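One letter stands for each residue in the lines below.
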Amino acid sequence: MISFAITDRSEKARAHFHRMAAEHMRPISRKYDDQEHDLPTEWVDWYWRTGRFTQPGGEGPSDGFVQVCMQAEELCWGDAGLYLRTPFAGLGGSAVAAAGTPEQKKKFLAVFSELNAEPAWGAMAITEAGAGSDSAAIQTTATPDGDDYVLNGTKIFCTGGEGAAKSPAGFVVVWATVDKTAGRGGIKAFVVPAGSPGMTLVGLENKLGIRASDTATLRFENCRVPRANLLGSDKIRRDDDKSAGDKGFKGAMATFDASRPIVAAMAVGVGRAALDFVKEELAKSGIAPRYDAPPAELTAMERDLAEMEAELQTARLLTWRAAAMMNRGKPNSLEASMAKAKAGLAVTKITQKAVELLGPLGYSKKLLVEKWMRDAKINDIYEGTQQINQLIVARRILDYSSAMLR
Amino acid sequence: MISFAITDRSEKARAHFHRMAAEHMRPISRKYDDQEHDLPTEWVDWYWRTGRFTQPGGEGPSDGFVQVCMQAEELCWGDAGLYLRTPFAGLGGSAVAAAGTPEQKKKFLAVFSELNAEPAWGAMAITEAGAGSDSAAIQTTATPDGDDYVLNGTKIFCTGGEGAAKSPAGFVVVWATVDKTAGRGGIKAFVVPAGSPGMTLVGLENKLGIRASDTATLRFENCRVPRANLLGSDKIRRDDDKSAGDKGFKGAMATFDASRPIVAAMAVGVGRAALDFVKEELAKSGIAPRYDAPPAELTAMERDLAEMEAELQTARLLTWRAAAMMNRGKPNSLEASMAKAKAGLAVTKITQKAVELLGPLGYSKKLLVEKWMRDAKINDIYEGTQQINQLIVARRILDYSSAMLR
Amino acid sequence: MIDFSPSEEQALVVDTVRQFAEKEIRPVARKCEEAKQLPADVLARAHELGLVANALPEAYGGGGERSAVTGALIAEELAWGDLAIALAVLSPALGALPIADFGSEAQQRAHLPGFLGNRFAPGALAIVEPRVGSDAFRPATLARRAGSEAGSDYVIDGAKCLVPWLEGGTHVIVTASEGAEARAFVLPRSAAGLTAVRDATMGVSALPLADLTLRSVRVPESARLAAFDVRRLVARGRVALAACGVGVARAAFEVARDYAKEREAFGTKIAQKQAIAFKLADMAIEIDGARLLTWEAAWKLDQGDDALREATLAINQVKRVALEAADGAVQVFGGHGYVRDYLPELHLRNARGLAVFEAIALV
Amino acid sequence: MIDFSPSEEQALVVDTVRQFAEKEIRPVARKCEEAKQLPADVLARAHELGLVANALPEAYGGGGERSAVTGALIAEELAWGDLAIALAVLSPALGALPIADFGSEAQQRAHLPGFLGNRFAPGALAIVEPRVGSDAFRPATLARRAGSEAGSDYVIDGAKCLVPWLEGGTHVIVTASEGAEARAFVLPRSAAGLTAVRDATMGVSALPLADLTLRSVRVPESARLAAFDVRRLVARGRVALAACGVGVARAAFEVARDYAKEREAFGTKIAQKQAIAFKLADMAIEIDGARLLTWEAAWKLDQGDDALREATLAINQVKRVALEAADGAVQVFGGHGYVRDYLPELHLRNARGLAVFEAIALV
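Chains as they are written, first to last, in this note's numbering: chain A, 447 to 852; chain B, 447 to 852; chain C, 532 to 894; chain D, 532 to 894.
Keep in mind the hints are simulated off the structure, nothing from the lab. Since we're looking at a predicted model, the values are computed, not measured. Errors might be hidden in some of the hints.
To be verified - Each computed DSSO-like pair below joins lysine-lysine, with the alpha-carbon atoms no more than 27 Å apart:
hint, chain 1, residue 1, chain 2, residue 2
1, B, Lys-626, C, Lys-792
2, B, Lys-811, B, Lys-730
3, B, Lys-811, C, Lys-562
Stated by the list, open to error - Some but not every residue of chain A turned toward chain C, in silico, with C-beta under 10 Å:
hint, residue
4, Ala-451
5, Ala-752
6, Glu-757
7, Arg-762
8, Met-771
The C-beta atom is built at its ideal place from N, Cα and C for all residues, glycine as well.
Produce the entire structure from the sequences given, and follow the hints as far as they go.
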């Protein structure tokens with residue numbers, strides 16, 4: 447039934463994560479924007495020791511995946527960079543959860559729900575210098591050798607890569623091809639535990655925003671992982687093979703589908719941070735959007751605020767729709783890409799406008815608005831750029847294969 | 447030298463055509479929007495007998511092609527549909543002027559500067575049902591036969607086609623292929639005099655706007671024209687032939703280059719009609735854009751007006767630039783397409799916004815604003831759609847051939 | 532719990548109305564537009580579906596199933612068929628819902644059964660005024676008491692426009708300012724001093740829209756809707772119009788998508804060009820987003836909220852999205868988009884109406 | 532006669548400045564941005580070009596060739612190199628031009644020669660104020676007479692921000708309201724009650740920008756620019772900033788274009804994709820259009836017009852166009868657009884500054 451009623455339990459969860467964001471992230475937002483490559487120990491240690499065990503309370507049914515989106519929104523309202531630096535299993539964890547065997551899940555994911563001394567991170571390594579939006583162009587190789595696969599190649603833009611590669615219980619899920627002649631079908635995902643010999647942290651990116659987040663370049667030189675660390679089947683599905691394939695490339699794509707609503711919700715969080723703040727600041731000067739203003743008297747700033755509200759809510763609702771479809775077990779690849787595309791664009795514009803509305807105050811580092819503008823822009827880029835998501839949406843609505851619309 | 451000073455002579459010409467538009471076009475604007483396929487005799491007869499011989503006065507140098515743009519702007523400020531219905535040589539005349547021999551020019555163009563009893567029109571027939579933006583896909587054939595070419599095919603969207611096909615001294619310049627295997631190189635232009643046996647006016651389009659203009663479908667069935675009516679060389683230049691070619695397809699393209707600034711200026715005229723009117727109407731209610739308003743007090747309507755002014759002036763200046771380059775004899779294909787693309791889009795948005803700003807008054811047929819919105823939209827479409835002009839601009843700035851960017 | 536799937540009953544209604552739009556409305560829409568004439572038979576058959584009647588109180592023979600969300604679902608499907616005919620089909624709500632919402636029992640008894648008979652009975656609501664900055668919340672049309680004693684008559688002066696004025700209507704609800712308050716009055720069409728002249732508009736030409744002039748129109752106090760709340764009325768109007776706009780946008784999107792998959796240029800389908808494909812993708816995203824905003828506003832109305840904020844955000848978004856979709860459809864069609872043999876130009880004219888209408892439909 | 536070709540002299544200046552931007556500014560721009568430090572040697576060499584000096588009156592050793600059009604051409608090229616360094620190079624004009632335009636002969640004699648020496652001498656102009664709705668025409672900073680007698684001192688109170696505050700500067704021109712009139716005063720940096728603190732901003736980080744606090748700063752009447760005209764000053768600021776913005780936009784466009792022609796994805800250059808190619812085409816069109824608007828405003832200034840309207844239209848257009856170009860460049864670069872090894876992210880941060888600056892450069 448069409449309903450916009452948030453369950454009591456999810457409302458409590460939302461409030462819980464909002465408090466967490468306000469109390470534990472906001473106070474150190476500027477600090478770790480300035481200190482780009484430092485580990486935000488206040489947040490990481492608190493979250494690992496305490497935060498992840500705190501309970502939101504509330505009873506009865508939750509909004510399921512929509513609640514997961516709310517959590518991401520609230521924490522990114524706090525700080526998107528710190529959120530991405532949170533010690534959790536990340537996209538690598540999602541891949542293991544989606545495609546891993548029970549043994550794999552236990553081995554790699556258990557640490558994130560257990561009491562441990564040292565924080566741990568999971569990460570996913572896909573992008574290469576020559577393969578950005580074009581994941582199928584991956585050059586990193588995985589060669590079977592006895593009981594192992596041997597990985598060789600270099601991965602860039604690996605979010606959370608430093609933590610995953612260096613923390614004692616961390617791991618990186620690496621995409622590599624076992625057979626370059628097989629195209630997409632040859633691409634498999636491997637769990638590489640932190641500290642594996644041959645995996646090197648080459649460096650971290652200096653970024654426009656989300657500076658608290660570690661975006662790593664990882665090199666793999668004859669990096670050995672047991673065959674048991676392959677996620678999914680080791681069968682190679684040729685591009686021209688019409689039989690049911692394995693979970694290699696498609697499994698990874700499924701990870702993206704599941705993650706896109708969350709990534710969209712993260713975007714919404716950053717946009718809301720800026721919009722909430724701007725509305726509060728302008729309200730102090732008596733500027734607030736009226737919905738019953740005489741058309742000739744409506745000010746440009748009022749209209750801007752109303753447009754920002756509408757755009758943000760549009761992004762949020764598209765996100766929730768994609769998540770609600772997951773609650774119902776419906777495929778949501780189209781809707782997830784719609785949400786991702788809209789959220790990235792909407793919050794980019796909202797935060798850019800927020801800087802303008804606050805004028806000199808918006809441009810100054812004394813406030814966080816300029817930071818949110820820098821943070822927001824990542825949402826147009828990672829986990830599928832704006833253009834890639836448009837492409838996916840276009841293919842779906844036109845019922846075109848990737849060969850028909852490139 | 448960079449200068450925005452209009453010469454005295456061009457200022458007088460502008461004023462002259464503005465009066466003509468205000469006195470002879472505006473009073474019958476609504477009438478011939480309502481009476482879609484009627485000949486606007488008031489305008490046509492007056493222009494043919496009197497209008498075309500009136501002199502703007504003024505001495506000294508003119509702004510050359512920029513003045514030509516001003517003339518088009520003023521008359522389309524009057525009424526774009528009537529302007530297109532004006533008895534003149536039109537695009538067909540431009541093609542003859544660009545690619546015709548002295549004999550051809552004399553034969554077909556002289557009528558437009560002589561005192562004649564009956565009005566005449568020239569037109570160009572390119573588009574076919576299966577060849578819209580893709581002119582090279584033309585299917586109409588021209589087969590040499592003795593001293594003649596025999597034309598067969600059907601042309602649509604022929605602006606001014608009724609007048610050109612039916613007026614005693616009218617003519618249609620028809621694009622046809624003499625050799626389908628030769629691609630673009632096989633396409634030639636033929637002057638078909640009005641009344642030629644085998645040329646039939648199949649019908650006129652019922653359009654969104656510019657309803658005073660006759661947009662014709664013309665059928666050619668074994669329509670014979672003398673070989674002397676071919677414009678340019680009869681040599682076929684193969685697509686793979688790198689030698690200097692003739693003026694067939696390229697000559698036609700040159701006609702477009704020369705016409706695009708004028709078409710852009712026509713667009714600017716329609717946009718200005720709407721903007722001028724809206725500003726006057728809003729000023730009566732005390733609404734006028736301030737350029738020194740306190741940012742928090744600027745109204746949404748003021749900002750809309752200022753944006754419309756900026757967009758219109760941008761379109762006008764891009765248009766004038768392309769025209770001024772012609773004054774200097776510089777190639778202006780890039781700049782002409784820029785002007786056309788910007789003008790079409792700008793005035794579409796300006797007129798749409800004008801309707802909104804006037805609210806219920808804007809939507810009513812009691813005023814002309816709604817008509818200008820309908821008229822304006824043609825500028826995004828004819829003489830190269832928005833997308834085609836973007837494509838041309840893109841190829842130029844990227845230095846790509848049409849094979850590299852389709 | 533957050534959810535975006537219509538209930539089974541709603542899905543059934545949507546399916547019925549969509550079929551009606553496809554089989555009854557679409558085949559006649561262009562002809563009606565050109566003839567500036569509504570299809571009386573289609574309105575009669577629409578009346579049989581009971582779309583408006585279902586939302587009216589059971590006490591007077593209605594279905595008693597008022598739901599703004601369901602209303603929005605219905606409006607979208609009808610407007611997907613054709614905006615002018617959709618507004619005509621929904622016009623009984625203009626006369627009935629304000630009386631159901633703000634009228635006394637006596638007013639309801641007097642007026643509601645008329646909309647629940649066997650015959651299609653249109654309503655009329657006069658909100659918009661023929662001036663720059665027409666403001667539903669502060670009508671320039673004025674209502675003053677004819678005398679100083681309590682309960683004395685009202686005298687109304689002013690002008691209205693864009694008032695749906697279908698054949699067979701008997702009354703019109705007119706808003707007017709009494710001091711700083713917006714009031715609403717139920718007037719018979721025959722009221723002395725009230726004149727109506729049909730206007731011609733850029734779009735929705737099949738729908739008769741009247742300019743009203745009110746010159747010292749005298750009505751008894753009993754003609755006033757005592758509980759009238761202009762914010763609620765406007766919110767309901769904006770949600771209904773937003774839902775209609777989503778329907779227009781969707782129709783424009785679909786016709787553009789289908790044409791792009793058919794039409795060839797430069798050797799491929801034009802839908803295979805990124806410039807076209809991405810435009811279609813943007814349309815699809817924006818339309819879905821605007822629909823969700825509209826649903827949220829409708830849902831809030833159903834919760835008893837004023838929802839003016841959500842309704843305003845929704846209609847603002849929809850008027851932009853629908854115009855862009857219609858304009859985009861014209862572009863996709865190229866020259867064919869500019870001629871009246873195809874639908875894009877009509878969608879463009881209709882879509883622009885969304886920016887100037889107010890309370891031309893209600894949920 | 533309408534024409535858009537720079538004169539031969541202008542073409543020469545443009546060529547010189549472009550080469551300077553390419554060879555001197557660009558190589559150090561990123562390093563300066565990260566270090567938040569201006570390149571003193573580059574400023575010194577820029578000073579030798581005499582770009583500002585050329586516009587100052589001959590009577591004090593300037594070139595006497597004031598032209599807003601030429602100024603706009605120069606500003607575009609410098610900002611194409613780097614916005615922060617461009618604003619630094621042009622900063623002497625902030626101190627000199629208001630005095631040349633609005634100052635008495637005595638004020639000109641006192642201040643102008645300082646900008647015309649062998650050494651680069653920066654100026655400072657304090658217009659923007661640290662509040663929502665900062666309004667150059669109506670400063671919240673207040674100036675009042677210390678006494679009631681004619682010619683008595685002024686006392687200034689208020690706050691300013693985004694004031695270029697380069698090493699080696701001696702004075703700052705501050706605007707303040709006396710009643711409804713905007714006034715301008717030349718203050719020594721050492722004035723009692725005046726404090727300056729460097730602020731950090733999102734972009735143009737190499738440029739020191741100060742927050743000023745003025746607490747009962749007392750200045751003689753002779754510090755006032757008697758002929759001050761805030762409209763003219765703001766118009767000149769908007770034209771200069773618009774020209775800078777065109778430079779930023781062009782730089783973003785070029786880097787995006789070049790990258791798109793290099794970068795491969797899915798088997799072709801990404802520039803061969805319509806989504807990218809059309810975006811680049813739109814950038815090119817909008818940048819050219821914005822430049823022409825800027826030139827027109829500059830030309831009107833040179834005709835002696837107030838040109839506030841044209842200047843405002845130009846800067847409004849430019850701030851949108853530059854932001855879109857920079858944002859588009861980030862998109863074209865994808866992930867690389869987000870990292871500080873490449874220029875797009877810097878263009879984006881700088882472009883947004885165009886919306887908040889006012890009179891940070893002058894022509």
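Results for each hint:
1. Lys-626/B / Lys-792/C: Judged against 27 Å, a Cα distance of about 26 Å means the pair holds.
2. Lys-811/B / Lys-730/B: 20 Å, holds
3. Lys-811/B / Lys-562/C: The given pair, whose Cα atoms are some 20 Å apart, holds under the 27 Å limit.
4. Ala-451: 7 Å, holds
5. Ala-752: At about 6 Å, which falls below the 10 Å cut-off, the nearest Cβ of chain C leaves the hint on Ala-752/A intact, so it holds.
6. Glu-757: 8 Å, holds
7. Arg-762: 9 Å, holds
8. Met-771: This hint holds: Met-771/A lies near chain C, its Cβ roughly 8 Å from the closest one there, short of 10 Å.
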